[in-house]
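So the sequences go chain by chain: B and P.
With my numbering applied, the first sequence corresponds to residues 1 to 117, in that order.
With my numbering applied, the second sequence corresponds to residues 1 to 112, in that order.
Read the hints as simulated data drawn from the structure, not as lab findings.
Please note: incorrect hints may appear among the correct ones.
What the hints assert, rightly or not - DSSO-like, lysine-lysine: derived pairs with alpha carbons at most 27 Å apart:
(1) 78/B to 11/B
(2) 78/B to 42/P
(3) 71/B to 11/B
(4) 62/B to 1/P
(5) 11/B to 42/P
(6) 111/P to 68/P
(7) 62/B to 11/B
(8) 62/B to 78/B
(9) 15/B to 78/B
(10) 62/B to 15/B
(11) 15/B to 42/P
(12) 1/P to 111/P
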Amino acid sequence: EAEVAQSPRYKITEKSQAVAFWCDPISGHATLYWYRQILGQGPELLVQFQDESVVDDSQLPKDRFSAERLKGVDSTLKIQPAELGDSAMYLCASSAGLAGGGYNEQFFGPGTRLTVL
Amino acid sequence: KQEVTQIPAALSVPEGENLVLNCSFTDSAIYNLQWFRQDPGKGLTSLLLIQSSQREQTSGRLNASLDKSSGRSTLYIAASQPGDSATYLCAVWDGGGFKTIFGAGTRLFVKA
Chain B
1 EAEVAQSPRY
11 KITEKSQAVA
21 FWCDPISGHA
31 TLYWYRQILG
41 QGPELLVQFQ
51 DESVVDDSQL
61 PKDRFSAERL
71 KGVDSTLKIQ
81 PAELGDSAMY
91 LCASSAGLAG
101 GGYNEQFFGP
111 GTRLTVL
Chain P
1 KQEVTQIPAA
11 LSVPEGENLV
21 LNCSFTDSAI
31 YNLQWFRQDP
41 GKGLTSLLLI
51 QSSQREQTSG
61 RLNASLDKSS
71 GRSTLYIAAS
81 QPGDSATYLC
91 AVWDGGGFKT
101 IFGAGTRLFV
111 KA
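Build the full structure now, drawing on both the sequences and the hints.
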């Protein structure tokens, strides 16, 4: 069964260091999403891509976060410098089209648990 | 601004009980609503997707309904089992913001 892959699964870093997360969506899925989930809360959208283009990054703290999907397939989310408040689960999801259109279910990867010390 | 609320925040039931989880949203301009399950420390597993034109969807022991005009959805779980213990999240595709908005989830514990 096709799955969304993410790595690493866990990351511990010190404040002010740089971290990067990688996501490989389900093959053929045009839309890719990055979410941040704080313990006890629902996921919050950071950025969504349609192929290689950013559709929405209004919630992405652009002074320290960046995301790219250069060839419209896999994607990288970077934080530089990391702050204590960035400790959270970072989730990647993909869908065949934009989630608002048709039967476009979102499928999630296992997430990356980030701890900033 | 779209807001999604899930009540109750936590629920504990004995095995075999039928139960209902609630999800409400403030703006009825949604394209679809999706229910997910999340086990501790894991990613989200899609359970059911309901299009805005639909009233309900069923999968096995799960049934989800949608009343867009009143801003409500329910997830019905029949004959609950200990393996159903998890956090259940609902999410709407918000037509106004053109993005997915999640509720905070209901944490379910089914006692054997």
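Hint-by-hint comparison with the structure:
1. Note on residue 78/B and residue 11/B: the hinted pairing holds, with a Cα-Cα distance of about 13 Å set against a maximum of 27 Å.
2. For the given pair, residue 78/B sits about 21 Å from residue 42/P by alpha-carbon distance, which is consistent with the 27 Å threshold.
3. Proximity of residue 71/B to residue 11/B is assessed by CA-CA distance (about 25 Å); at most 27 Å being required, the pair is judged to hold.
4. At most 27 Å may separate the alpha-carbon atoms for a hinted pair to count; residue 62/B and residue 1/P meet this at roughly 22 Å.
5. Restraint check for residue 11/B and residue 42/P: the C-alpha separation of about 15 Å stays at or below 27 Å, so the hint holds.
6. Restraint check: the Cα-Cα separation between residue 111/P and residue 68/P comes to about 33 Å, which exceeds 27 Å; the hinted pair is violated.
7. Restraint check: the Cα-Cα separation between residue 62/B and residue 11/B comes to about 21 Å, which is no more than 27 Å; the hinted pair holds.
8. Our distance criterion of 27 Å between C-alpha atoms is met by residue 62/B and residue 78/B, whose separation comes to about 10 Å.
9. Straight-line distance between C-alpha atoms of residue 15/B and residue 78/B comes to about 14 Å, which keeps the hinted pair within the 27 Å bound.
10. Between the alpha carbons of residue 62/B and residue 15/B the distance comes to roughly 17 Å, so the proposed pair stays at or under 27 Å and holds.
11. Between residue 15/B and residue 42/P the CA atoms are separated by roughly 25 Å; this keeps the pair inside 27 Å, and the hint holds.
12. The straight-line distance between the Cα atoms of residue 1/P and residue 111/P is roughly 38 Å, outside the 27 Å bound, and the hint therefore fails.
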